[in-house]
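Chains as they are written, first to last, in my numbering: chain E, 2 to 271; chain U, 106 to 568.
In case anyone wonders, no lab produced these hints; they're calculated from the structure. C-beta: ideal position from N, C-alpha, C; glycine also. Treat the hints with caution; some may be incorrect.
Sample of chain E residues with no beta-carbon within 12 Å of chain U, all distances over it, derived [as the list claims (entries may be wrong)]:
| hint | residue |
| --- | --- |
| 1 | Asp73 |
| 2 | Leu84 |
| 3 | Val176 |
| 4 | Leu185 |
Straight-line distance between alpha carbons at most 30 Å, and here's what the computed DSSO-like set of lysine-lysine pairs gives [stated by the list, open to error]:
| hint | chain 1 | residue 1 | chain 2 | residue 2 |
| --- | --- | --- | --- | --- |
| 5 | E | Lys229 | U | Lys372 |
| 6 | E | Lys228 | E | Lys142 |
| 7 | E | Lys221 | E | Lys142 |
| 8 | E | Lys221 | U | Lys446 |
| 9 | U | Lys527 | U | Lys446 |
| 10 | E | Lys228 | E | Lys256 |
| 11 | E | Lys142 | U | Lys393 |
| 12 | E | Lys121 | E | Lys102 |
| 13 | E | Lys37 | E | Lys142 |
| 14 | E | Lys236 | E | Lys221 |
| 15 | E | Lys229 | E | Lys256 |
| 16 | E | Lys102 | E | Lys139 |
| 17 | E | Lys139 | U | Lys527 |
| 18 | E | Lys221 | E | Lys256 |
| 19 | E | Lys139 | E | Lys37 |
| 20 | U | Lys372 | U | Lys309 |
| 21 | U | Lys372 | E | Lys219 |
| 22 | U | Lys527 | U | Lys393 |
| 23 | E | Lys139 | U | Lys309 |
| 24 | E | Lys124 | E | Lys37 |
| 25 | U | Lys372 | E | Lys102 |
| 26 | U | Lys309 | E | Lys102 |
| 27 | U | Lys372 | E | Lys142 |
| 28 | U | Lys372 | E | Lys228 |
| 29 | E | Lys139 | E | Lys223 |
| 30 | U | Lys393 | U | Lys372 |
Incomplete in silico selection of chain E near chain U, CB under 8 Å [claimed, not checked]:
| hint | residue |
| --- | --- |
| 31 | Asp162 |
| 32 | Arg189 |
| 33 | Leu233 |
| 34 | Lys236 |
| 35 | Gly239 |
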Amino acid sequence: MKTAPRRILHPACLLVLSLVLPGAAAAAPANPRCDKGRAEEAFLAGMRNYDQHCREVIPRLNEAAAVCPVPDQPWFIRPNPFLEYSYLPFYFLGKCHYNLKDLPNALRQFYLSSCANEPKRDKERTGDLDSLTTGCRKQLKSNQRPNAYFSEGFAAAQQRDWGQAAEKMWNALQVFEEDGATVLPSGRWPAPYLPRFRLAEALLQLGCYQEACAQLDKSKVKLAPDKKEFELERKRMGELQAICERMRREGLGEKALCRQWGCWLERGGP
Amino acid sequence: MLRFRRLASGALLMALLGVLDQAPLLAQTNLETNAGVHFNFTTPGAGNLALGGAFLALAFDASAAYTNPAGLTTITAPEALVEARHWNYTHRFTDRGRLVGEPFLGEFDDRAGLVDGQAENQVTGLSFLSYVYPHRDGSVALYRHELVSFRADFSTQGAYLDQTFIRSPRGIPGEMDARLAPLRNRMDVEITAYGAAGSYRLGKGFSLGVAVSYYDFSIDSLALRYLPLIDAAPDFASDPLLNSQTQRGDDSDWGFAAGFLWESPRKTWSLGGVYRQGPDFTFVAQSKPEDLPPAVSFRTATQKAAFHVPDVYGVGLAYRPIDAFRLAFDYDRVRYSQLLKGFVDIFNLAALPPVNPQFPEPLDPELSRFAIDDTGELHLGAEYAFLRHWPVLTLRAGGWYEPDHSLRFEGNNLGFRAVFRKRDDQIHYTAGVGLALRRLQVDAAIDHSDRVSVISVSAGFRH
């Protein structure tokens with residue numbers, strides 16, 4: 002499994018998106034930063050190959066979403082008099098990932114599409130968004146262990162690759178909810194299945210305090226104070242909770258990236 | 106220059122195959138001691154030994170540094186492994202009896218057919234140490250591995266060969282078709298590898314790894330031949346000592362290994378492979394007269410002999426249908442035939458003065474008629490972890506098939522035919538138990554076969 006961080010969105014896109022996604026389900030405000038010229042060029046470059054070459058489409062659509070994640074109003078691009086595209090970068094990105102069987106990334110893009118109000122801009126074209134989202138979630142769900150996402154997230158956390166760790170733990174949660182059962186994520190070394198706790202730790206390392214602290218509160222670590230298997234996590238939990246308390250007191254601002262995580266956690270939460 | 110060429114060829118092989126590994130061995134002269142000894146090379150780590158040594162496609166602990174360095178990428182935190190082993194070697198050798206015809210000489214010549222003797226030796230040692238440091242998509246490791254820790258100590262009574270009353274005055278095997286000289290043997294062989302390994306994750310579940318080892322070798326063997334009465338058991342205290350052979354030396358060499366590992370996206374299947382280049386050593390083989398009468402004495406023969414550790418290549422497949430259960434299978438091809446490269450006649454038969462001047466022709470040692478086959482080993486193992494038990498308890502069982510790789514003689518010389526014979530293939534049965542905490546694992550295992558039994562205890566640490 003490829004472990005290099007996979008950009009779900011272009012960094013610039015994250016920055017812009019964070020400005021326009023104040024709340025997960027909020028209506029998209031006017032966006033003065035939408036560079037329509039560049040967005041149209043990138044979007045069309047992607048959509049020309051949409052039916053055949055999704056791998057080539059994804060970078061182009063990511064580029065479009067980066068320069069114009071949410072246009073002011075419904076936007077239809079007509080490269081010629083006989084062809085019309087609705088500007089829905091997240092929706093099409095999600096479908097590309099879905100076609101490539103990359104379900105976690107597809108699900109994330111579908112959630113972003115929803116958070117960015119794309120269905121409101123083109124209800125007809127995004128008519129299958131709910132069914133695609135539900136399909137992704139169902140296909141990801143499994144009782145089967147090993148959970149490869151948890152193993153990869155566990156490895157990424159050990160290497161302090163927090164972005165990768167957060168993504169993989171979120172993926173793991175889509176497959177199987179945290180239950181604290183002992184699993185073997187690395188060789189013969191046992192560890193409790195606590196993807197939510199580890200997601201919280203990763204988000205805290207990424208600077209997303211609100212999201213991290215909310216996940217910590219939901220973690221099973223809190224619910225099993227005597228479990229010997231959780232000894233390391235309980236100790237770490239204490240440290241993380243202290244950070245949360247301090248952040249809540251000081252009310253420090255969060256990084257732009259955290260708004261995106263807010264969307265994913267709200268939509269992809271239990 | 107030769108060393109450089111070996112290094113270069115090894116590096117080229119790595120580049121071509123993307124893999125490398127180590128091997129097992131035996132001895133490389135026609136001294137009978139070498140026919141009675143039996144080496145094999147099992148996977149380090151008690152947990153892996155208990156799986157029948159099937160670990161190429163798992164390779165997920167610090168022993169992967171030696172077994173399949175590509176597996177180091179699966180290690181997520183710095184990890185150390187230490188292992189102690191106890192070996193019990195059972196040596197089988199031609200002890201007495203008769204190769205040709207029916208018994209006729211007297212009290213001691215009482216059996217038709219050759220009779221095997223059996224002796225046991227035990228060795229205990231710190232067999233493996235390693236430390237792995239992972240960093241993002243790569244890992245590095247250092248290790249020390251006792252590839253061979255072998256001891257043989259046994260005596261033979263001397264089998265009768267052909268239907269003759271003659272005694273061999275010098276007691277050199279292969280010289281006459283009379284009774285083989287009773288023999289007292291002792292042999293110690295040590296090969297220790299000090300190595301470094303590295304691996305890199307290429308993506309799509311595919312990793313490559315390489316290792317380089319510095320091998321330290323020592324051999325010390327002594328064979329003493331006696332002349333008993335023709336129809337009596339030997340008395341080593343009073344029978345004349347005829348001659349002796351020694352194999353002695355300390356040497357070192359480098360070897361390379363390289364491997365690959367592929368894991369399926371859900372990590373339920375994995376496939377691994379390795380090629381391990383065996384090192385080459387030299388030692389001194391000497392045959393000298395002891396208390397021989399001048400009329401039949403001979404000049405001490407001192408020769409340089411080679412000891413080739415065979416190359417090994419193998420592939421493995423592992424399946425993990427659920428978190429708690431693993432099944433692993435390996436196939437290893439061991440190039441035992443390499444043991445015959447530079448094979449030496451320690452007795453220097455061609456240069457011996459004739460015992461009977463009426464037959465002055467030099468003896469032919471028939472070196473080309475000695476043979477060892479390359480073998481294909483099959484390893485199979487399974488383990489189940491009781492994940493609800495804390496510490497996690499794991500039970501393991503397995504086995505492996507080791508085709509015969511004894512040095513055998515296929516020529517006309519009766520003395521060598523009696524000693525260097527094909528032996529039985531070996532089935533090894535393995536079992537083990539392990540306890541795992543978050544930062545400590547302790548495993549124990551046993552590997553039992555008719556000729557070698559191993560007890561292993563290992564501990565893994567994480568920080």
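Evaluation of the provided hints:
no. : hint                : result
1   : Asp73               : holds (40 Å)
2   : Leu84               : holds (36 Å)
3   : Val176              : violated (10 Å)
4   : Leu185              : violated (6 Å)
5   : E:Lys229 - U:Lys372 : holds (27 Å)
6   : E:Lys228 - E:Lys142 : holds (27 Å)
7   : E:Lys221 - E:Lys142 : holds (19 Å)
8   : E:Lys221 - U:Lys446 : violated (64 Å)
9   : U:Lys527 - U:Lys446 : holds (19 Å)
10  : E:Lys228 - E:Lys256 : violated (35 Å)
11  : E:Lys142 - U:Lys393 : violated (77 Å)
12  : E:Lys121 - E:Lys102 : holds (26 Å)
13  : E:Lys37 - E:Lys142  : violated (38 Å)
14  : E:Lys236 - E:Lys221 : holds (14 Å)
15  : E:Lys229 - E:Lys256 : violated (36 Å)
16  : E:Lys102 - E:Lys139 : holds (13 Å)
17  : E:Lys139 - U:Lys527 : violated (61 Å)
18  : E:Lys221 - E:Lys256 : holds (27 Å)
19  : E:Lys139 - E:Lys37  : violated (36 Å)
20  : U:Lys372 - U:Lys309 : holds (11 Å)
21  : U:Lys372 - E:Lys219 : holds (28 Å)
22  : U:Lys527 - U:Lys393 : holds (28 Å)
23  : E:Lys139 - U:Lys309 : holds (24 Å)
24  : E:Lys124 - E:Lys37  : holds (21 Å)
25  : U:Lys372 - E:Lys102 : holds (17 Å)
26  : U:Lys309 - E:Lys102 : holds (14 Å)
27  : U:Lys372 - E:Lys142 : holds (16 Å)
28  : U:Lys372 - E:Lys228 : holds (28 Å)
29  : E:Lys139 - E:Lys223 : holds (28 Å)
30  : U:Lys393 - U:Lys372 : violated (61 Å)
31  : Asp162              : holds (7 Å)
32  : Arg189              : holds (6 Å)
33  : Leu233              : holds (6 Å)
34  : Lys236              : violated (11 Å)
35  : Gly239              : violated (17 Å)
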